[in-house]
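Peer 1: Sequence:
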Amino acid sequence: MSLRLTLAASALLAVATPVFAQQAPAAPPAPPAAAAAPAPTPAPTPEQTALMTRMQAAGEALEAAMEELEPQAEEIRDDAALSDADKETRIRALIAGKQPVIDEFTSALQGVVLMRAAAEGASPEEAAQTATMISGMVSGQIAQGLITGEDPDGETGGGE
82 MSLRLTLAAS ALLAVATPVF AQQAPAAPPA PPAAAAAPAP TPAPTPEQTA LMTRMQAAGE
142 ALEAAMEELE PQAEEIRDDA ALSDADKETR IRALIAGKQP VIDEFTSALQ GVVLMRAAAE
202 GASPEEAAQT ATMISGMVSG QIAQGLITGE DPDGETGGGE
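Just add 81 to wherever you are in the sequence shown, counting from 1, and you've got this note's numbering.
Do not rely on the hints blindly, as some may be mistaken.
Said to hold, decoys possible - Distance windows between CB atoms, simulated:
hint: 1; residue 1: Ser-204; residue 2: Thr-170; range: 37 to 47 Å
hint: 2; residue 1: Glu-141; residue 2: Gly-178; range: 10 to 20 Å
hint: 3; residue 1: Leu-175; residue 2: Glu-206; range: 34 to 44 Å
hint: 4; residue 1: Gly-221; residue 2: Ala-145; range: 14 to 24 Å
hint: 5; residue 1: Arg-173; residue 2: Thr-122; range: 39 to 49 Å
hint: 6; residue 1: Thr-126; residue 2: Gln-180; range: 28 to 38 Å
hint: 7; residue 1: Met-133; residue 2: Met-214; range: 36 to 46 Å
hint: 8; residue 1: Gln-180; residue 2: Asp-159; range: 23 to 33 Å
hint: 9; residue 1: Gly-202; residue 2: Ala-162; range: 50 to 60 Å
hint: 10; residue 1: Ala-161; residue 2: Glu-206; range: 45 to 55 Å
hint: 11; residue 1: Asp-159; residue 2: Thr-122; range: 45 to 55 Å
hint: 12; residue 1: Thr-122; residue 2: Ala-162; range: 51 to 61 Å
hint: 13; residue 1: Thr-213; residue 2: Ala-145; range: 20 to 30 Å
Please keep in mind that the hints were generated in silico from the structure rather than gathered at the bench. No residue lacks a Cβ here, since even glycine has one placed at the ideal position from N, Cα and C.
Between the sequences and the hints, there should be enough to build the whole structure, so can you do that?
Peer 2: And the structure:
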């Protein structure tokens, strides 16, 4: 699995997983008759649609940036003339060049998390805390993957 796919999966998990389930009271189970009739899904609001469109565009931009960064980072990792510290410094410089793209993806993802949290009844403090954690997680995964050549699931060399 490539780092891009890992990041996409992480984003999906962050959006799809009820982050606040541990803190919210458990709802009583629905009676069997009610379970047979699915509740109608409300149409997304214009704000939700705009946020999801932004998230998709940011994800595509991040994917393009990662496609550019991965071979450059691999070339640096393979350079036997460089120390590990020099390799890390150079790869972090590559990442810094793409920081606006990473920041836009992170910001869009934070917006989705805040929207989901509000829909699930989380307090503003809980929502903000979770959204803040997203930035560090995304940046950390990108840096770790490019510096070590490993995906978070342990595959090396991009896994492709």
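Peer 1: Name the hints, by number, that the structure is in violation of.
Peer 2: Violated: hint 7 alone.
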